[in-house]
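With these hints in hand, go ahead and build the complete structure from the sequences.
One-letter residues, chain by chain:
There are 2 protein chains.
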Amino acid sequence: MNNNNIKITINFEPISRRLYYAKGENIYQLLTNSGIRVRSLCGGLGTCGKCKIMVQKGNKYLNSPTDSEKTLLTPTEINENWRLACQSRIAENQISLLETQQPPQIRIFLPQELLVEDFKILTSGLNKGVSLNPNVKKLFVEVNKPNLDYPVPDLERVLISLSSKNGIIKNTNKLLVEFEALKKLPKILREENHRITITLYNNNKIIDFEAGNKVNINYGIAFDIGTTTLVGYLINLNDGKVYSVASALNPQTAYGEDVITRITYVKDNEDGLLKLNSAVVDALNDIIKKTCAKAKIKPSDICEATVVGNSVMHHIFLNIDPIYIGLSPYVPAVKRGLNLNSKDINLKISRGGKVYVLPLIAGFVGADTIGVILSSEIDKESELTLAIDVGTNGEIVLGNKDLLATASCAAGSALEGAHVKDGMRAAAGAIDSIKINPDDLTVEYTTINNKKSLGICGSGIIDAVAEMLKAKIITRSGSFNKQFIDHERIVKNDKNFEFIIVKKDETANKRDIIISQKDIRELQMAKAAFFSGARLLLNHINRTRSTKLEIKQIFLAGAFGNYINKNNAKFIGMIPDISDEKIYQIGNAAGMGAQNCLLNTNLRKKASKLLKKIDYVEIAIEKDFQRQYAEAMYFPHHNLELFPNLKEYKNIPKR
Amino acid sequence: MNNNNIKITINFEPISRRLYYAKGENIYQLLTNSGIRVRSLCGGLGTCGKCKIMVQKGNKYLNSPTDSEKTLLTPTEINENWRLACQSRIAENQISLLETQQPPQIRIFLPQELLVEDFKILTSGLNKGVSLNPNVKKLFVEVNKPNLDYPVPDLERVLISLSSKNGIIKNTNKLLVEFEALKKLPKILREENHRITITLYNNNKIIDFEAGNKVNINYGIAFDIGTTTLVGYLINLNDGKVYSVASALNPQTAYGEDVITRITYVKDNEDGLLKLNSAVVDALNDIIKKTCAKAKIKPSDICEATVVGNSVMHHIFLNIDPIYIGLSPYVPAVKRGLNLNSKDINLKISRGGKVYVLPLIAGFVGADTIGVILSSEIDKESELTLAIDVGTNGEIVLGNKDLLATASCAAGSALEGAHVKDGMRAAAGAIDSIKINPDDLTVEYTTINNKKSLGICGSGIIDAVAEMLKAKIITRSGSFNKQFIDHERIVKNDKNFEFIIVKKDETANKRDIIISQKDIRELQMAKAAFFSGARLLLNHINRTRSTKLEIKQIFLAGAFGNYINKNNAKFIGMIPDISDEKIYQIGNAAGMGAQNCLLNTNLRKKASKLLKKIDYVEIAIEKDFQRQYAEAMYFPHHNLELFPNLKEYKNIPKR
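From first to last, the protein sequence lines stand for chains A and B.
Using this note's numbering, the first residue of the first sequence is number 149, and each one after it goes up by one.
Using this note's numbering, the first residue of the second sequence is number 149, and each one after it goes up by one.
Derived from the structure by calculation, the hints contain no laboratory data.
Quantities reported herein were computed from a predicted structural model and do not represent experimental measurements.
Just so it is clear, CB atoms sit at the ideal spot from N, CA and C, and this is done for glycine as well.
A hint or two may mislead.
Restricting the straight-line Cα-Cα distance to at most 20 Å, the calculated cross-link-like pairs of lysine to aspartate or glutamate (EDC-like) are [said to hold, decoys possible]:
#1 B:Lys415 / A:Glu339
#2 B:Lys760 / A:Glu729
#3 A:Lys423 / B:Glu770
#4 A:Lys760 / B:Glu304
#5 B:Lys757 / A:Glu339
#6 A:Lys293 / B:Glu766
#7 A:Lys205 / A:Glu729
#8 B:Lys332 / A:Asp419
#9 A:Lys630 / A:Asp642
Chain A stretches covered by chain B per the calculated footprint, using a threshold of three residues with CB under 8 Å from any CB of chain B [as the list claims (entries may be wrong)]:
#10 290-304
#11 457-468
#12 478-490
#13 495-501
#14 763-775
Put into C-alpha cells, the structure is as follows:
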C-alpha cells in the first residue's frame, strides 16, 4: 500500500479501472495491491514472462525495458510496447512531471489471459494512496520482574516498562485496559519470561496481551456488507497489503431481495431482526475463516474490523431495528461512526477485538457512500463529479472540492438480474456482453468463464437493451418496434413480445434466453431512477446555491458499475452524456473506503467531518420529481437534446 | 447525606461510634443516614416519643427542647438531658464554634431499646460527610421529532435536544453511547412520544435510554466483599440515602476459610477460580435481589455498583487468577481502580450498568484498605493514627495528613471464631460479652438476641481471655495458672486445660462452652500479628523518615472491630496502650468507602492519588519481625513498659 502521497493515476483497460500509483511500486505490485489478481508463476520476480501487459498511452513515462524483458519478450513485442508488469514502473525522473498532469497520461491494456479467472467477483476498488497509520498497533515489551523490594502489580509493571520503552504514549498511567486482556495478563506475563506483546488500540487502550514477540502478526479485516454481496479484505496492518479476499452472497437474500422487503420481513416477524442479523454475522464469520485460511493465519490474529454498508444493512448487522428507515421521514437510529467490541456483535476475531462501523449519511444513504467518498476522494476533485454506486440500492453523490451532496434512488435490483425473466447474478454461464447485428438480428455474446449460457447478468441486460435500440428492435419508449415483429427472434408470449438472445439449442438448460417487454420496463425504471436522481440532485444544488454547475466527470462504483459497458450505460441514458474519457469505473469504492479506514485511522476523523459537509437531499420530495422520472424513462431521455453525442438516435423511432 | 462540608463529630455510646454531623440534620437523621437503624413509629415526626436518647456531654451545644419533647418527655427526663433524637440538633449558633474543637465535645447515649434488633449485622460505618456527586446521572429530555425537512437520525436528534437543554455537557457530539443502549433507542424514543430519560455515566457516556421521565429512579449499590461476609448497600443516587442493606456469608468459605486456603483451592483445581468466582457473584446477585425487594425497586433500576475487597477477594470477584498474590513477592495482577461493565462480570443490574472496583494497594492489602482510608479520612488527621481493619484478613494503616503507610498482617480468623473450639460467628446465641468474678470464677455473659448460648463469637473470646487474665486463671504467657487448676471450672481434656465459660445445663446444645489452651494460643497469634504489625510499620516509618513519631489515635474498623470491648482489646495487648477516648470504633469503614465512591465520583480520583502517596511495607521481611512477633505473643506484651496504664498486670504472673 502506498506510503508516498504522490497522486499519479494509471488507467487500465479493458477493465476501465483507474489506480493510483505509489512511488517505487511496479505495475504488478500496483495491480495485486489493488486486489486485481494477475497470472504469474514466479510471483513477480521477472522470470516466468507471464505477466504481459501493453502500454497503450504514455510509454515515455515508464522505465526502459529491463534485461529480463529483453530475454522474455520478442523484439516485435517490445516495439509494440508490450511489457512485463513486474518489470515496468514509472521512471523516477517522470514522477514530479506526472503529478501535475490531469487526466491520466498513462493507459495500460491487460490481456484477458493475464487476469485470473474469478476476477468477476469484484473485490477491488480504486486505490488512492493511503498512508499506513492503523488504529491497532502491536508493541513488544520486556517487562521488569517483581521482587520483595519492587512488589509492583503486573499491569503497573507493564505500564512502567512500556513508558520507558515507547515514546508515543505520553502518560501510560492513563492507558485504558480491556478487561478481557487484563484477566489473562498474569499467565501471559509468566509464559515467556516477562516478554510480552501489547496490542494498543487508538493509542489509548490496551486490548490484548500475548506471550513473546508477536509484533509481526497484526491483521485487520475490512467488510463491505452489500444488500446482495458480502466481501471481506484481510489486510496486514504492518505493511498495509491485502493478504486475501473472500466474498459471498448475502444470505439475507433468502428473506427479501432488497432493503425494503427486508425491512418488511423484520416488521412482520417477531424474530425477523434476529434472523437477518444472525444470517449476515454468520456469513461474515465464514468470510473471516476463509480469508484467514488463505493467508494461513488464525481469526484471533485479527484485531480490528471495519465495516461499510447501506443504512439498512448497517442496522441489521448491528441488530438495530431498521423499520424507521423504511417509514417517512426515513430516519436511521444513528449516523455517527461507531467503535464497538467484536464480541458485542459476535464477530469471531480476537477476543478483545474492535469493530469500526463507518457513519451513515441519512435515510438509505449509508456507510457505503461515505466509503465511496473517502476512497474516490471526490471531495478533492476540481470538476463537479457524479459518483454512482450501482448496487441493489443506488446511491448518488455529486461533489467537488467545494460541495458534496448525496441522495438515494430506488433503482431496484433489475441491474443485478432480479425481476428480469432470464436475469441472473454475475456467475459462471451468465451472458455478460452482447452484440446484435442490425442487418439480420443475429446475436454475438460472451459468458462468464465461457460456460454454456444460463441467463443474463446486469451488464448483459444493459448491452442487450442498448443493442436492441441500435438495431431498432425497440423504440425510445421501450416498446417493441412493429416493423420487426415478424422476425423469427421476436416471439409473442402471453400477449407480450420477447426477443430471443440465445436459442434453446445453445443454452445450458435447453430453453431460450430472452429479453421480454417487462424486462425492458424494469431496466427503464432502474436507469430512470439514476438519471433523474442525478438531475434532481444537480438542480437542487444549483437552486439552493444559485449556481449553474454541470456534471463534468462520472465515477461508476460498485460491483456492477465496474463491469458494465459504459458506452451502453450512456446509450440507454442511465448516465449523462459526457465523454468516455471522463467516465471512470472505480471498482468497489465502498469496500475500498472500509479498507482505507483500517489502514489509516485519520480517515475516520475525516469521515466524521464529511458528515457535517454533506448535503443530504430527499429527491422524492423535490417538486419536479414525477416529471423528471417520467422523462428519464425514455431511451436515452424524453429530451434528446440532453444526449447530443448519441447520433444513432436520429434513426430510432420514439414510440 | 451531608452536602455541607462542616466537620463536627458526635460520639455515640455504647456503640462507640463517631459520626459526622451535617448542618440542618437532626440526630435521628444522622443515625439513620449512617445506617444505624433506630426505633421510631412516626418516622421522625416527633409524635411517637420512641426515639429517646441521653446527651451525656455537650448538652449546651444542642437546641432547646421542642414543644413535642416537652409533651412526650417527663420533666425529670428533660432535667437528665433525655431528648428525642428526631427533635434534637446542634444549635445554629454553636456550629462555627464546634467546628474548631477537637476531640468531639458531644457524647450521646443510645439506650439498647432504641437500637433495632439486627444491629449486630454490621453494615454501617463512620459517616464522614460526603457531598452528592454520583458518577451516574439521569436526565429527562423531550426530543425533537423528525420530518422530511429535518431527517436527522434518532441519536443525533437526542444529542441536539440534550445540548439545548443541558449546560453540563459542553459538546454532546463527543458523548459516547453504550451499544446496548443505542440498540434500543428507536423503540424507546417512540414509546412515550419522544420523551425519554438518559442515563449519563461520568458525564461522557450515555449508558441507558428509558421511555418517559424516570429521573426519580436512580440507584447504585455498594458492595463490601469480605473473606467471610458480603454486604450490599442500596443507595438512592438522587438523595444519597441508603435505602436498604443486605448481607450474607461469603459462600467461598465452603472452599477455604481464609485467603490462603482459597488461593490453594484455585491452584489445585482446574475449575477452582471459576467455582469461587461464580459463588461470590451469585451471592452478590442474591444481595441485589434482597436489597431491591426491601426498597421495592427492580435490579435493573441500579445503574452502578462499587466494590471493595481485599486483593484476593478482588481478583476472584473479577475472575483474575489470584495465585501470584500468594507467592513471593506477592504481586496482584493490577492495582488501579477499574471501571467495568456489569455484564462482563455477570452482575445483574441494569443491562448497560457499570461497576467501579476500588484500587488495591499491594500484596494482600486491597481495595478494602483504600475504602477505610477514604471513609475514615485518616489522611486528614493531624495526629498519627493507626487504623486496623479487623477481619479474616488483617490490614493496618498508619497515617496522618503528612504520611500514609500500610501493611498486611496474617491475623488468621481466630478473631472471627474460627480455629476456636466453641467459636462461632456473631449470630443469635453467640456469647458476645463476658465478665468473670475473680473471687469464685463465676461467669456472667450476654448472648446475641438473648438466645440460649451456642458458642462464643470474636468479641466474647477477647472478653473471655481478658477476664481470665484479670482473674489470673491464665498467665501472661497464655498458660493456665497452676494455682487454679483444681477449680471446678477448669478441666483437663486430653492433657490440655480448658476453662468452662457456660456449663452444659445452661447451653442450647447441652454441652459445656469452654476456652481451651489451644484457643488462647490462636488468640495470641492473632493479637500478636496486629500489635507487632503496627509496631513494625511504625518503626519502618521512623527509620526511613528519621522521625520519632508515636501512635496517638486508633481507628478500629471492620465488622468485628466494631463490637469488641476496646478496653479488653487493649488489655490483651492487641492494640497499643492509649487512652480509651482516642480509640474509635469506626464500623464497616471499607464498606463506607465503597458507598462514598458511589455517592461522589471525585473520591475515585482521590483513591488514584492516594495510591501514589501510600507506602506499602512488607513487614514479614523487616529484620526485627521474628522478635517483635514473639514478644507480642505475651499478654499484653513481653515488655510491660509498653502498657504503663494496665496496672492489673502487676499481679498477673508472667508464666
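Results of checking the hints against the structure:
no. : hint                : in the structure
1   : B:Lys415 / A:Glu339 : 16 Å, holds
2   : B:Lys760 / A:Glu729 : 67 Å, violated
3   : A:Lys423 / B:Glu770 : 65 Å, violated
4   : A:Lys760 / B:Glu304 : 12 Å, holds
5   : B:Lys757 / A:Glu339 : 32 Å, violated
6   : A:Lys293 / B:Glu766 : 17 Å, holds
7   : A:Lys205 / A:Glu729 : 13 Å, holds
8   : B:Lys332 / A:Asp419 : 15 Å, holds
9   : A:Lys630 / A:Asp642 : 17 Å, holds
10  : 290-304             : holds (count 10)
11  : 457-468             : holds (count 3)
12  : 478-490             : holds (count 10)
13  : 495-501             : violated (count 0)
14  : 763-775             : holds (count 3)
Hint check: violations occur at hints 2, 3, 5, 13; the rest are consistent with the structure.
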